[in-house]
Amino acid sequence: MDDLVISGVIALVIFYAGIVIVAYGILRLVMIVVHAFLFGDFLLFGAIIGCIVVAIVGYVAVGLWLRKIGII
Amino acid sequence: MAHVLVSPLNWGLGHATRDIPIIQALLAHGHDVTIAASGNALSVLRQEFPACPHIEFPDYPVSYSSGHLFVPKFCASFPFMFHGVVREHATLEALLSKDRYDLVISDNRLGVFSSKVPSVFVSHQLHYHLPLLYWPAEILAIPVNQYLHERYDRIIVPDNPPGPLSLAGKLSRPDTDVAQERVFYSGILSGTRQIACTQDLDYLVVISGPEPQRTFFEKILLARLGDLGGSGVVLLGSPQKPEKITRVGDWTCISYVSTEEKAELMNRAKCVICRSGYTTMMELAELGKDRALLVPTPGQTEQEYLSGYYEQMGWYHSVEQRHLDLADDLLMTRHYKGFPVMSKTSENTKRLYDELLAGYLE
Numbered sequence: 281m282d283d284l285v286i287s288g289v290i291a292l293v294i295f296y297a298g299i300v301i302v303a304y305g306i307l308r309l310v311m312i313v314v315h316a317f318l319f320g321d322f323l324l325f326g327a328i329i330g331c332i333v334v335a336i337v338g339y340v341a342v343g344l345w346l347r348k349i350g351i352i
Numbered sequence: 050m051a052h053v054l055v056s057p058l059n060w061g062l063g064h065a066t067r068d069i070p071i072i073q074a075l076l077a078h079g080h081d082v083t084i085a086a087s088g089n090a091l092s093v094l095r096q097e098f099p100a101c102p103h104i105e106f107p108d109y110p111v112s113y114s115s116g117h118l119f120v121p122k123f124c125a126s127f128p129f130m131f132h133g134v135v136r137e138h139a140t141l142e143a144l145l146s147k148d149r150y151d152l153v154i155s156d157n158r159l160g161v162f163s164s165k166v167p168s169v170f171v172s173h174q175l176h177y178h179l180p181l182l183y184w185p186a187e188i189l190a191i192p193v194n195q196y197l198h199e200r201y202d203r204i205i206v207p208d209n210p211p212g213p214l215s216l217a218g219k220l221s222r223p224d225t226d227v228a229q230e231r232v233f234y235s236g237i238l239s240g241t242r243q244i245a246c247t248q249d250l251d252y253l254v255v256i257s258g259p260e261p262q263r264t265f266f267e268k269i270l271l272a273r274l275g276d277l278g279g280s281g282v283v284l285l286g287s288p289q290k291p292e293k294i295t296r297v298g299d300w301t302c303i304s305y306v307s308t309e310e311k312a313e314l315m316n317r318a319k320c321v322i323c324r325s326g327y328t329t330m331m332e333l334a335e336l337g338k339d340r341a342l343l344v345p346t347p348g349q350t351e352q353e354y355l356s357g358y359y360e361q362m363g364w365y366h367s368v369e370q371r372h373l374d375l376a377d378d379l380l381m382t383r384h385y386k387g388f389p390v391m392s393k394t395s396e397n398t399k400r401l402y403d404e405l406l407a408g409y410l411e
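Going line by line, the protein sequences match chains A and B. Using this note's numbering, read the first sequence as starting at 281 and increasing by one per residue. Using this note's numbering, read the second sequence as starting at 50 and increasing by one per residue.
Heads up, some of the hints might be wrong.
[Stated by the list, open to error] Once the Cα atoms are required to be at most 30 Å apart in a straight line, the calculated DSBU-like pairs of lysine-lysine come out as:
| hint | chain 1 | residue 1 | chain 2 | residue 2 |
| --- | --- | --- | --- | --- |
| 1 | B | K399 | B | K293 |
| 2 | B | K293 | A | K348 |
| 3 | B | K219 | A | K348 |
| 4 | B | K122 | A | K348 |
| 5 | B | K338 | B | K399 |
Please keep in mind that the hints were generated in silico from the structure rather than gathered at the bench.
Use the sequences and the hints to build the structure in full.
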């Protein structure tokens, strides 16, 4: 019983903490992008947008690859 | 003779109805069976096995969304589900301390296991399918599943082994050594049996599943039935509404029928229009239906995966609810061949008992 409760609580904390960290990271990134755009730093703006596009393409590509090889 | 506790999850009737053949096999071998369930699942099993003692055994709520927010809402419900799992585990332990049981059979109830009594888990999902966007969560679910599967002595998968006859596709594929060691592929298990009758119904429309999608599906289908020729029956799947039968031309609309009446109608139908829930798929396989139109419940990733898998295998035509064009899609169903021939429930149940259950009970 204790084992079930402890493992479950740990798993839930890690799961939701992960969501919070990712959401915080996205928020920070959006703030940096908006700041760069508003202050005319288009090099930084373009670089971040480029990195985001590469990251999204990479994320989807990894997902598709995992599907293709049957891991998911 | 042994005493077995059978406890199905009450998320739809699917878990309860696929346990009917298992309970029948246990009773046929002279064992005592106690049913621990709640809601409609308990009602169905009480009706089917009035002589078996039953225990009201609450499970946990599930959050169904009205659209593609299913995954986030489902994730948000994890703490409530976890609390439900812990509670049901405590309830089971209290139950086991009062009465003698020789085996516990849990149908997808994650808290129904014990270290004191051999425990068997019934599930067709050894792997959870999520939309591509959530692939990290699909990977994270693998070790979580492993942790849960370790709690059980064996896992009964009501499917054929992975391969060309697998009805659940990747869902019933073991990802871990734990699942690989414990899994027993029983083949399909369905409470619906083939009966000798004439196929005098052109269509049987089964409108089922959680609200509000059930109502959306009902509205979409009822508005388009006029486009079809032939005769048919529409089952609205609304047990809460008063029983009502409406006739329009050669079509009959029934608010709710018993499982026996539904089985008879399925036997009589030439073509079935339904959701792609796994239990319904086992019914199609059991009855050897070669024509069906599958419309997965929007946002239910398991149904969406299964219908896509069947479409890909050339077994049944599947269409998203929002793209449904009833007349055209029904024409398309003629190009599909239905499930391949496979062993039926009676044979599977016998093998399941002889090769697995008897080891704990005799």
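Going down the list of hints, with the structure as the test:
no. : hint             : verdict
1   : B:K399 to B:K293 : violated, 39 Å
2   : B:K293 to A:K348 : violated, 49 Å
3   : B:K219 to A:K348 : holds, 12 Å
4   : B:K122 to A:K348 : holds, 28 Å
5   : B:K338 to B:K399 : holds, 23 Å
Checked against the numbered hints above, the structure breaks hints 1, 2 and satisfies the rest.
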